[in-house]
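Asks: The residues making up each chain are set out below.
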Amino acid sequence: MRFRPVATLFALVVLAGALYVGAAGAGPLPALGALLDPVSGVWGSLGYIKFADSATAPIPNLSAPVDIRYDQRDVPHIFAKSEDDAIRALGYVVARDRLFQMELQARAGAGTLSELVGKAGVVADSEPRHLGMARAAERKLAALNPTSMESRLLQAYSDGVNAYIDNATRAEWPVEYKLLGTRPARWRPVNSLYLYARMGFTLAHTNGESERVAAEALVGAAAAGAIFPRNSPIQEPIQPNGSGAPRYDFHSIPAPGAADSAALALLPLLPRGNPSRDDAEVSRLFASNNWAISPARSASGHALLAGDPHLELTLPSIWFEAHLVVPGKLDVYGVTIPGAPGIVIGFTRDVAWSLTNTGADVLDYYRETVDSQTRPMKYRVDGVWKDVERRQERYRGKRGEVLRVDTVGYTHRGPLMRMGTEWVSMRWMVNEPAREAGAFFNAIHATTVQEFLDAFARGYAVPAQNVMVADRRGNIGIRSTGYYPIRPDGGDGLTIRDGSLSANDWRGFRPLQQYPQSINPPQGFLASANQQPIDPAVEPGYFGYDSGYEVWRALQINRLLRANAKVSLDDMRRYQTDPGSVRADAFYPYFRRAVAALRANGVASPSMLSADSVLAAWDHRYTVTNTGAVLFEAAMQQLVRHTWDELIPAGDSVRTATPSTAVLLQLLGDSTSVWWDDRRTSAVSEDRNAVVARSLAAAFDALVKRYGAPTAGRWAWGNTAPAQLHHLLRLAGFSELSVPVQGGRGTLNPSAQNGGFGSSWRMVVEMGDRVRAMGTYPGGQSGNPASRRYNDRLRLWGEGNLELLIAPSSLDSIAPAQVSASLTLSPRKR
Amino acid sequence: MTVLRTIVLAVLLALGTVLVAWWAVPLVAAAFGAISHATRRPGLSAAVAGLLAWGGYLGIAALGGAPVGVFGARLAASMQLPGWAPITATILFPAVLAGLASYLGARVGGRYLSPT
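Protein sequence lines correspond, in order, to chains A and B.
Numbering-wise, the first sequence is residues 1 to 830 according to this note's numbering.
Numbering-wise, the second sequence is residues 1 to 116 according to this note's numbering.
Everything labelled a hint here was simulated from the structure, so no lab data went into it.
There could be a bad hint or two in this list.
[Claimed, not checked] List time: in silico SDA-like cross-link candidates among lysine to any residue, alpha-carbon distance up to 20 Å: (1) A:Lys386 to A:Val408; (2) A:Lys50 to B:Ile60; (3) A:Lys50 to B:Gly59; (4) A:Lys50 to B:Ala62; (5) A:Lys50 to B:Val70.
[Said to hold, decoys possible] Using C-beta positions, here's what the derived DEER-type ranges look like: (6) A:Asn145 to B:Gly69: 50 to 56 Å; (7) B:Ala21 to A:Gly400: 50 to 56 Å; (8) B:Leu63 to A:Val819: 38 to 44 Å; (9) B:Leu63 to A:Lys329: 46 to 52 Å; (10) B:Val20 to A:Gly25: 19 to 25 Å; (11) B:Val20 to A:Arg404: 55 to 61 Å; (12) A:Asp570 to B:Gly65: 53 to 59 Å; (13) B:Ala21 to A:His412: 50 to 56 Å; (14) B:Val20 to A:Gly400: 25 to 31 Å; (15) A:Leu180 to B:Val20: 19 to 25 Å; (16) A:Lys329 to B:Gly65: 38 to 44 Å; (17) B:Gly65 to A:Ala732: 22 to 28 Å; (18) A:Arg404 to B:Val3: 56 to 62 Å; (19) A:Val819 to B:Gly65: 18 to 24 Å.
All values reported here derive from a predicted model rather than from experimental measurement.
Virtual Cβ for every residue (Gly too), placed ideally from N, Cα, C.
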């Protein structure tokens with residue numbers, strides 16, 4: 001062979017470059033060798049699209065072998081000899097399907113995403129650290145007695161997850177690790193507590209102070225108090241008040257007053273409204289439904305329970321279905337959150353339960369007096385200077401390198417943060433001592449509604465949950481469970497308090513008997529959907545505030561249940577996606593009347609008349625092909641925008657706060673209120689009809705511009721407001737961004753134009769001698785995007801259908817035809 | 001003979017990938033080039049073998065029912081690439097590594113292993 005120096009050199013350089021890119025990547029390119037390796041790279045996911053028919057795996061500390069059978073819906077049924085072993089096995093099987101999700105969610109609570117995704121994660125990481133979530137989780141773990149049940153649960157779960165990590169080959173690692181160029185980190189017991197902290201952030205990081213102060217700054221205290229009231233103007237409480245119908249506590253809203261100078265000074269401290277979220281109701285979509293029917297009102301004569309928590313829709317889903325059996329001790333079926341050592345929502349042979357968020361206000365701010373405006377080391381309470389505890393936060397990258405360092409100060413109340421020119425500390429229930437893992441585990445051993453509610457309440461603190469339970473004896477019950485702070489002087493949580501006085505601190509927590517609750521009410525059913533938990537006429541104490549609640553779904557559930565004296569399990573299933581809306585029924589007439597009034601005066605525009613003809617044909621339902629729903633929702637957004645112009649600060653274009661739609665309905669009752677006048681049009685003085693009709697016309701014009709004429713066929717609710725399930729890393733290829741669904745704002749299956757929130761798990765259960773249950777969630781059991789099981793339930797979920805849930809009580813009772821795969825976990829000494 | 005040699009090399013490259021890792025491809029190809037330096041175009045044979053090795057792995061997976069095309073398209077969308085890019089990159093990358101390594105191996109082999 002002839003030696004060709006140039007060609008050889010060229011080949012050498014190109015090969016060196018290819019090897020470098022293969023080993024280390026270049027620019028945005030990840031390390032291509034490991035990534036494209038058909039065995040252990042991204043294609044490795046293809047080798048694990050289904051489980052082997054039969055497999056065995058060792059787990060350290062297991063006391064006896066555990067048999068696991070996956071059914072045809074890929075739900076693992078775990079048969080263990082001890083409860084600790086069952087939890088170890090749960091950790092193993094969840095990791096087997098959802099390892100990346102577990103780590104991502106725990107890191108989101110710990111503020112260590114940057115260790116997984118690099119520098120891009122630092123900004124997101126700073127929030128949980130500055131809110132004290134990571135510190136609180138670590139302190140909760142440290143406070144646990146190592147021999148306590150909670151400690152054992154967390155450790156057992158951790159053993160199971162780590163056993164899977166140890167057993168898995170690189171090929172089995174979730175594809176996301178390969179795309180990110182990282183590897184699974186070992187699971188620590190504290191990770192489960194980070195996850196709980198994250199759930200606390202999602203469901204209990206409320207900010208009523210901000211809304212109220214922002215409104216006071218612009219329209220004065222009296223008007224602000226009226227448009228951001230403590231109590232919902234529409235009362236259909238969770239604890240039935242005996243009235244048998246909703247109550248509308250509507251009264252005239254005082255005119256906008258002069259700006260409040262004290263609040264005005266605070267305005268710059270508050271987060272500015274986000275122009276991209278000019279959608280007042282988005283924040284209320286983290287919501288849920290549950291209801292229960294007593295035997296007297298059920299078609300079968302047994303107690304019935306339905307539950308569907310509404311959360312961010314993601315792929316893989318937030319939930320994972322599992323069944324745990326320990327003969328004589330435990331037999332529980334339901335859904336767990338990957339990373340949580342137990343079943344969160346589900347049923348046993350004796351009880352079924354589901355949760356909705358209470359929306360309790362468990363966060364308060366205190367304006368602190370500090371020794372230094374730049375770097376406070378001390379703060380003053382009752383005239384005495386106290387040390388600020390300082391905790392250094394190090395943000396690390398994928399290889400452990402330090403990307404950023406900052407320090408968070410703490411007062412005795414919680415994290416200290418700079419707001420504008422002031423230092424404010426925050427007391428938040430999420431950062432207080434609690435035993436959530438133990439609460440769930442205690443409760444699943446209950447055999448009656450009362451036992452379940454009492455067991456759950458022992459140690460469960462936050463986020464407060466409306467715990468709905470039905471039992472085999474025919475009892476139904478609900479309790480809004482969580483720690484509710486007692487503020488000084490019976491005050492609420494809607495003001496920023498003076499931190500220099502210890503008298504302003506929380507005085508403890510409400511006793512259990514003061515929790516909103518009801519067991520076997522005379523009406524024969526119970527329903528919760530994030531509405532105000534207790535009628536203030538019954539209990540005037542403060543639990544939360546109106547704009548943190550949502551009443552429309554509660555009104556709809558109650559309407560459906562009151563109209564049906566014999567509810568069947570299938571009725572419950574249908575109700576979960578019922579397209580009707582009390583909200584639509586309430587607002588619709590105002591649009592029609594406004595156009596009629598303007599038409600009578602000869603001032604209705606062509607757009608108003610065209611829009612009115614679309615609304616005239618609307619059946620008030622949010623079905624997939626519905627045209628009217630598209631216009632109505634757009635008009636509602638415009639109405640909010642046109643009505644609350646008083647809440648836009650001078651020189652700005654974004655509202656600082658938005659009252660609830662219940663308050664908007666209240667205002668609609670007053671046709672000449674000065675709130676209707678748009679201050680931006682100084683030459684005219686608008687009344688209600690002008691604003692309502694103008695909102696409708698603006699919505700119509702915007703829709704025509706976007707979708708063409710209503711007859712063009714593109715105004716279909718399912719197309720304009722589809723569910724959007726983003727992958728956890730928002731990777732488009734692993735997401736499902738256009739799933740038509742029936743339901744909209746205020747319906748039992750809430751879906752908004754952004755589509756990112758919705759029913760994350762639907763379950764209906766009949767508590768007869770043999771439990772009959774159906775359920776599904778959007779997605780599938782697997783976290784592997786190459787697997788059919790990644791999203792195989794999506795179509796069923798979109799259609800509002802459920803699957804029968806099988807819960808065999810023993811290995812022998814599973815028919816071979818029901819088994820898709822089996823796994824045996826065997827003890828292995830460390 | 002060339003075809004047979006290419007197939008044997010493809011099998012060796014596939015085995016190297018399965019048993020060791022992706023970087024076994026250039027090592028095995030370089031050794032192949034050094035040994036077969038006297039043959040015609042060892043680099044080209046190795047490139048084809050690299051392509052066959054990894055492409056064959058995907059092909060066998062597809063024959064076994066794995067959704068190679070669908071998953072490839074999902075991967076591509078996730079990386080904001082055209083749908084064909086992941087599969088193409090997966091078969092070209094080992095081809096480039098094997099071809100160049102084999103070519104260089106043949107240069108070295110020709111220099112040091114040739115009978116004088």
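Asks: Now tell me if each hint is right for this structure.
Replies: Here is how each hint holds up against the structure:
Straight-line distance between C-alpha atoms of Lys386 of chain A and Val408 of chain A comes to about 16 Å, which keeps the hinted pair within the 20 Å bound. Straight-line distance between C-alpha atoms of Lys50 of chain A and Ile60 of chain B comes to about 16 Å, which keeps the hinted pair within the 20 Å bound. Note on Lys50 of chain A and Gly59 of chain B: the hinted pairing holds, with a Cα-Cα distance of about 18 Å set against a maximum of 20 Å. With a CA separation close to 14 Å, the supplied pair Lys50 of chain A and Ala62 of chain B stays within the 20 Å bound.
For the suggested pair Lys50 of chain A and Val70 of chain B, the alpha carbons sit about 16 Å apart, so the restraint of at most 20 Å is met. About 55 Å separates the C-beta atoms of Asn145 of chain A and Gly69 of chain B, a value consistent with the hinted range of 50 to 56 Å. With their beta carbons about 23 Å apart, Ala21 of chain B and Gly400 of chain A fall outside the hinted range of 50 to 56 Å. The given range of 38 to 44 Å is broken by Leu63 of chain B and Val819 of chain A, whose C-beta atoms sit roughly 26 Å from each other.
For the hinted restraint 46 to 52 Å between Leu63 of chain B and Lys329 of chain A, the CB-CB distance of approximately 47 Å keeps it satisfied. As the Cβ distance of Val20 of chain B to Gly25 of chain A is approximately 20 Å, the hint placing it in 19 to 25 Å holds. Between Val20 of chain B and Arg404 of chain A, the C-beta spacing of about 38 Å breaks the proposed range 55 to 61 Å. Distance hint check: the CB atoms of Asp570 of chain A and Gly65 of chain B are about 36 Å apart, inconsistent with the given range 53 to 59 Å.
Here the CB-CB span from Ala21 of chain B to His412 of chain A is close to 54 Å, well matched to the stated 50 to 56 Å. Our hint of 25 to 31 Å for Val20 of chain B and Gly400 of chain A holds, since their Cβ atoms are close to 27 Å apart. Restraint check, Leu180 of chain A to Val20 of chain B: a C-beta distance of roughly 23 Å satisfies the suggested window 19 to 25 Å. As the Cβ distance of Lys329 of chain A to Gly65 of chain B is approximately 41 Å, the hint placing it in 38 to 44 Å holds.
Gly65 of chain B and Ala732 of chain A have their C-beta atoms about 25 Å apart, which keeps the hinted 22 to 28 Å range intact. As the Cβ distance of Arg404 of chain A to Val3 of chain B is approximately 58 Å, the hint placing it in 56 to 62 Å holds. Our hint of 18 to 24 Å for Val819 of chain A and Gly65 of chain B holds, since their Cβ atoms are close to 20 Å apart.
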